[in-house]
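Participant: Each chain is listed here by its residues.
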Amino acid sequence: MTHIRRGALLAALGALTLASFGRVQAEESQFGYVYTTDLLPKGAKELEQWATWRHQKIGGYFDQIDARTEFEYGLADNLQTAIYANYAWSRAYHNGPFGATTPPEPFSYDIPGPDDHYHATRFVGVSGEIIYRVLSPYTDALGVAFYEEPTVGPGFYELETKLILQKNFLDDRLIFAFNYTYAPELRYVSDTAGGSKSWQEETDTNAYFAGSFRFRANWSAGFEFLNEREYNSYNFSHATNSGFFLGPSFHYGGKKFFVTATFLEQLPWAGTHADTVPGAISGGRDYDNDFEKYRVRIKVGSYL
Amino acid sequence: MNSTLWLWLPVAAISTSAYAATYFTTEQAQQAIFPGKMMTAAFVALSDAQAKQIEKTTGVNVRTREVKAWKVEGGGVFVLDEVVGKHEFITYAVGINEDGRVAGVEIVDYRESYGYEVRNAEWRAQFIGKSSGDPLQLTQDVRNVSGATLSCKHVTGGVKRVLATYAVALK
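Chains as they are written, first to last, in our numbering: chain A, 1 to 304; chain B, 1001 to 1171.
Just so you know, the hints here were simulated from the structure itself, not pulled from any lab data. Note that the structure is predicted; figures quoted are calculated from it, not measured.
Label-pair restraints from in silico Cβ distances:
id: 1; chain 1: B; residue 1: Arg1065; chain 2: A; residue 2: Ala261; range: 31 to 37 Å
id: 2; chain 1: B; residue 1: Asn1120; chain 2: A; residue 2: Leu142; range: 25 to 31 Å
id: 3; chain 1: A; residue 1: Leu79; chain 2: B; residue 2: Glu1055; range: 31 to 37 Å
id: 4; chain 1: B; residue 1: Lys1052; chain 2: A; residue 2: Phe213; range: 22 to 28 Å
id: 5; chain 1: A; residue 1: Asp140; chain 2: B; residue 2: Gly1129; range: 26 to 32 Å
Every residue gets a Cβ at the ideal spot worked out from N, C-alpha and C, and that includes glycine.
Work out the full structure, taking the sequences as your base and the hints as a guide.
Facilitator: Next up, the structure:
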């Protein structure tokens, strides 16, 4: 916990340092989950803080907060890079299959007893990000961009690749965006308490869709629809989980900062797959790994 | 939950400034485009048919029917207009000579935090001499400023709409 606090303080000091130079240019996150093809102009800088609250699994109690502190920089007008730190906190009790206390995926290194009151904080890893825009929604029929994000953390590696599409209407006030993500992971974990650890393969594939309308100056409102799938392989075999989420999204974009908030509820559309953990699906919802009933994501960004 | 308060600590460190400004009053913009000329207000409310005709010929949305126009002493028209910016509206002015060609474009009020390159004199000079017969398409006959694409696109569309409005309702 101490080193996490120190990391946050360093991030804050970094923000102060970065805020002291550079003219104001920016591009903000229009949605909580869905990326658009809008990028920072060349030389522009932005600092973002994310927090995602995940709430409620099968029973008992479950809460998780994923946080991200991110610095973005425009390498060119169509090429943006970023670096960020990911860290998380969670508490759980009787939340998993058959009423067992089950930590969420970022804490899968821990194996508490089935009746333990679990809580932990963890530094997940450091990520880099690069987005290259091929076509602009303002000058081409469709905005198209490609995204690459490697993450390295303690006992954890991930490479996330994303296709981003964007189409605008009504003087660019109505925005639709679609993302498809392929993210293979490698995690060094044990399946049993005290058991030997091994590197385990997993792949997340996500199909996200969102729409938003700027209904007055600075303010936009819309929706986000997510389908997240997980496999115990890199080639789409051994499917484990699939969840669908839907909810409203709100965005304020001002001269100095922006705030984006998205509220999601998992829809009761989950089904059993080849490697689904027994008891992970309840009431038509998947509660394994990264799946829960409710999510709230808030992003705050500042133009440096 | 107190242990999670540190998650927001970096936000507390954020310090910002903004790049937004009012560059001209209406009178100053009038004199910048038509120096020494007297102006007479000649506001117009477009009819449904006129608005449809403008949208049809330009492909640009007529967001408001009220046209803030001034007749220029000796011929010509000055129009004060707004287009959609990233967050707020961009207020700009177009001067049109008696022959229907652009005399000048000025950015009057720019409230956005970026994309301010549309105010560059060199970029705005591209519009001088344009008429409603010109394509006025970004990246075609109007150069884009990379990093200010949305503002360039909307100001270009706005000038095109103002020229069509002149032909339909202000001549």
